[in-house]
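Visitor: Go ahead and model the full structure; you've got the sequences and the hints to work with.
Letter by letter, the chains look like this.
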Amino acid sequence: MLEQQREYVLRSVEERGVRLIRLWFTDVLGSLKSFAISPAELENALDDGMTFDGSSIDGFSRIQEADVLAIPDPDTFELLPWGDTKAPEARVFCDIHNLDGTPFGGDPRQVLRRHVRACHERGLTFYVAPDIEFFYFAPPQAGRRPEPLDEASFFDLTTNDITGSLRKQTIRTLEAMGIPVEYSFHEDAPSQQEIDLRHTDALTMADSVMTFRLIVKEIAASQGLHATFMPKPLEAQQGSGMHTHLSLFEGDRNAFFDADDEYQLSALAKSFMAGLLRHAAEITAVTNQTVNSYKRLVPGFEAPVHVSWARNNRSGLIRVPIAKRGNPNATRIEYRSPDPACNPYLAFSVMLAAGMRGMAEGYELPVEADANLFEIDDEVLAKLGIAHLPQSLSDALRAMEGSELVHDALGEHIFEWFLINKRTEWREYKTHVSMFEIDRYLRAL
Amino acid sequence: MDAETLAVFGDPPTPELARTLDLGGYRWKSVASADEAAEFEPTGGWSGVIVDCGPDTSGAWAFARTIRKREPGTPPLLALVSGAQLSELELRDELFDDFCLAPFHPAELEARVRHLLWRVGGGTRPEILEYRELSLNLETYQASIASRPLDLTYMEYELLKFLAQNPGKVFTREMLLNRVWGYEYYGGARTVDVHVRRLRAKLGEEHAGLIQTVRSVGYRFGQSRWGT
Chain A
1 MLEQQREYVL
11 RSVEERGVRL
21 IRLWFTDVLG
31 SLKSFAISPA
41 ELENALDDGM
51 TFDGSSIDGF
61 SRIQEADVLA
71 IPDPDTFELL
81 PWGDTKAPEA
91 RVFCDIHNLD
101 GTPFGGDPRQ
111 VLRRHVRACH
121 ERGLTFYVAP
131 DIEFFYFAPP
141 QAGRRPEPLD
151 EASFFDLTTN
161 DITGSLRKQT
171 IRTLEAMGIP
181 VEYSFHEDAP
191 SQQEIDLRHT
201 DALTMADSVM
211 TFRLIVKEIA
221 ASQGLHATFM
231 PKPLEAQQGS
241 GMHTHLSLFE
251 GDRNAFFDAD
261 DEYQLSALAK
271 SFMAGLLRHA
281 AEITAVTNQT
291 VNSYKRLVPG
301 FEAPVHVSWA
311 RNNRSGLIRV
321 PIAKRGNPNA
331 TRIEYRSPDP
341 ACNPYLAFSV
351 MLAAGMRGMA
361 EGYELPVEAD
371 ANLFEIDDEV
381 LAKLGIAHLP
391 QSLSDALRAM
401 EGSELVHDAL
411 GEHIFEWFLI
421 NKRTEWREYK
431 THVSMFEIDR
441 YLRAL
Chain B
1 MDAETLAVFG
11 DPPTPELART
21 LDLGGYRWKS
31 VASADEAAEF
41 EPTGGWSGVI
51 VDCGPDTSGA
61 WAFARTIRKR
71 EPGTPPLLAL
81 VSGAQLSELE
91 LRDELFDDFC
101 LAPFHPAELE
111 ARVRHLLWRV
121 GGGTRPEILE
131 YRELSLNLET
141 YQASIASRPL
151 DLTYMEYELL
161 KFLAQNPGKV
171 FTREMLLNRV
181 WGYEYYGGAR
191 TVDVHVRRLR
201 AKLGEEHAGL
211 IQTVRSVGYR
221 FGQSRWGT
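So the sequences go chain by chain: A and B. For the first sequence, my numbering gives the first residue as 1, with consecutive numbering after it. For the second sequence, my numbering gives the first residue as 1, with consecutive numbering after it.
The reader is advised that the hints may include incorrect statements.
[To be verified] Restraint ranges, calculated between C-beta atoms of paired labels, are given here:
#: 1; chain 1: B; residue 1: G83; chain 2: A; residue 2: E3; range: 33 to 41 Å
#: 2; chain 1: A; residue 1: A323; chain 2: B; residue 2: V217; range: 16 to 24 Å
#: 3; chain 1: B; residue 1: L23; chain 2: A; residue 2: P81; range: 36 to 44 Å
#: 4; chain 1: A; residue 1: S56; chain 2: B; residue 2: Q223; range: 51 to 59 Å
#: 5; chain 1: B; residue 1: K69; chain 2: A; residue 2: P81; range: 56 to 64 Å
[What the hints assert, rightly or not] A short list of chain B residues far from chain A (calculated; beta carbon distances all over 10 Å):
#: 6; residue: D22
#: 7; residue: A32
#: 8; residue: D56
#: 9; residue: G59
#: 10; residue: R68
#: 11; residue: S82
#: 12; residue: R92
#: 13; residue: F99
#: 14; residue: A107
#: 15; residue: I145
#: 16; residue: P149
#: 17; residue: A164
#: 18; residue: G222
[Stated by the list, open to error] Which residues of chain A face chain B? A few of them, derived with a C-beta cut under 10 Å, are:
#: 19; residue: Q5
#: 20; residue: R11
#: 21; residue: D75
#: 22; residue: T76
#: 23; residue: E78
#: 24; residue: L124
#: 25; residue: Y127
#: 26; residue: D131
#: 27; residue: A176
#: 28; residue: T200
#: 29; residue: G326
#: 30; residue: N329
Rather than coming from a laboratory, the hints here were simulated on the basis of the structure. Cβ atoms here follow ideal geometry from the backbone N, Cα and C, with glycine treated the same way.
Guide: Structure follows, in structure tokens:
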């Protein structure tokens, strides 16, 4: 199969007159990295990979082991639907290897590949469908607050407005790149959008999220605007989340579904959920990796604050959506804390690892918390055994540091680097004196 | 009609020649003389003639001359000559359309035969698979719909090819997964849904209906043979 895929890629480049092939990969924090090669180099790249200096990439090599190898995954070869049609360009995602051919420990795509494979060895396939929220703003100016483009809100049909046409163009481009969209709408806050992607296997989806973020930004930029996946750009408005729908399939059969259960959830689904809940605090640094992420996870904005689950309660961490017409294939769980600024490879990896741990150990699912948790006192919650999610990046890092689950899920290289990098971020934030403090204290104290 | 039958002069043909033609998928017949060539000629005529000159070239050239004199329409002719015989090609231009140096490299001979047949319009390559406005070039892996090129990934292309090769037939997801992806793939049966969804998007609204969902069974490409 690989030989044919290779042949397909080489032939397509020739037939379509592709001038440039962009080799894509992702750094530890989830930024898309790219270098371009000419068609003449492609055959060589497919056979032997392309060597580059990993020490120039965040979270990759330490200086003494600088060189790594990018090997294109021919399955992901695709023409880019934008740019000059006379000189087409293509992209292909790469797996990063050490020079001896072993998977490189700093490559998030290889981390997710490992988890997906482990899942497959148990006869299961992990499906993921994220609902991605983001904002459009006027081009940012240093020291100024972001400026929304409209005053519309949730589901508003804003005729003649620029964000609607941007969204339409974005969806067309996504579909052309093989990223099917399920829904799209104007979200609650001004200038906020949501695009829900259709489920795919986790590795394909992580690639798709990377492509998605690029497309959204590119299309906004082509109109002189700025799109952002920052979790909480506007103080008094809802932030941007990436609610992620998860399910496990055994061949054609949804392993999360059980017709006889009152929630229509299988025992496997319940222990998977229990795993996610029990390890939620530990994986939060990965699913919510910025200082700003924790300004979204506050009460009153439909973002989860507590570690709980329910069928139709949007204040919980896990929601179990009611499947349309009782369709067994639609049974899934929605993990609501991640934000779209995460590294999707790592976020999907830790979610899967936590769920799989729950399955392996047969964790018991706590009772459903169907009340609005935002209205319940902390003491009552404590009695019910409902904990808070980490309240800050610092809290989250502390929980992650002690987690053998996250350590194993990410591997030594990324685990260590991530903690160091994020501690530095926290330190810088902690020493920053904000406008909030100036306004509040300068005169009064 | 036998679309591509070659007459091969040289009795018997060398094993290398026979193997190369077999591997290339050609139908061929060994002939020892011009009479035999006439006797065994298929109804549609020979699509090409290969003349292996062998150590003694005079018989070979005589054979070629007879073939060339036939009316109407002489089949294209390729001569196999050794290095020492190259000078014999001089002043015999009218006897052959192409030649290949023996001993030959199988890939070279195969390419020359293919080209020989293609040049005179006898060959069926490049293979084109067509269904209404959809066209797939199986040799170049390029697909187009209503003359608009489709940008497909390898698996999307393979799925579309498989479906288009079997129009009107219903396939379950498992069948498609096994036939198109192979067993070792770890995407699971829903991968098929994902790829069908993508293909429909790329085909565009107007043509998305080419791939139909057959409720609680799987998928069907194009019209059902019962016309529903």
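Visitor: Once the closest CB in chain A is found, is it more than 10 Å from B/A32?
Guide: 40 Å, holds
Visitor: Would you check whether the claim that B/F99 is not at the interface survives, using Cβ distances to chain A and the 10 Å cut-off?
Guide: Holds: least Cβ distance 28 Å, greater than 10 Å.
Visitor: Against chain A, does B/R92 keep a CB gap of more than 10 Å to every residue?
Guide: 37 Å, holds
Visitor: Could you let me know if the closest chain A CB is still more than 10 Å away from the CB of B/S82?
Guide: 34 Å, holds
Visitor: Please check whether the beta-carbon of B/P149 is more than 10 Å away from every beta-carbon in chain A.
Guide: At roughly 7 Å from the nearest Cβ of chain A, B/P149 sits no farther out than 10 Å, so the non-interface label is violated.
Visitor: Under 10 Å, Cβ to Cβ, is where A/E78 needs to be relative to chain B, so tell me if that hint holds or is violated.
Guide: 6 Å, holds
Visitor: Holds or violated: is the Cβ of A/A176 closer than 10 Å to a Cβ in chain B?
Guide: 7 Å, holds
Visitor: Against chain B, with CB atoms and a cut of 10 Å, does the hint on A/G326 hold up?
Guide: 14 Å, violated
Visitor: Does the closest beta carbon of chain B sit nearer than 10 Å to the beta carbon of A/D131?
Guide: For A/D131, the interface hint is violated, since the closest Cβ of chain B sits about 17 Å away, which is over 10 Å.
Visitor: Quick check on the hint: A/D75 CB to chain B CB, less than 10 Å?
Guide: 6 Å, holds
Visitor: A/A323 and B/V217, beta-carbon distance inside 16 to 24 Å?
Guide: 21 Å, holds
Visitor: Evaluate the condition: distance from the CB of B/A164 to the nearest CB of chain A exceeds 10 Å.
Guide: Label holds. Min Cβ-Cβ 16 Å, cutoff 10 Å.
The structure fails to meet hints 16, 26, 29 from the earlier list, while all remaining hints are met.
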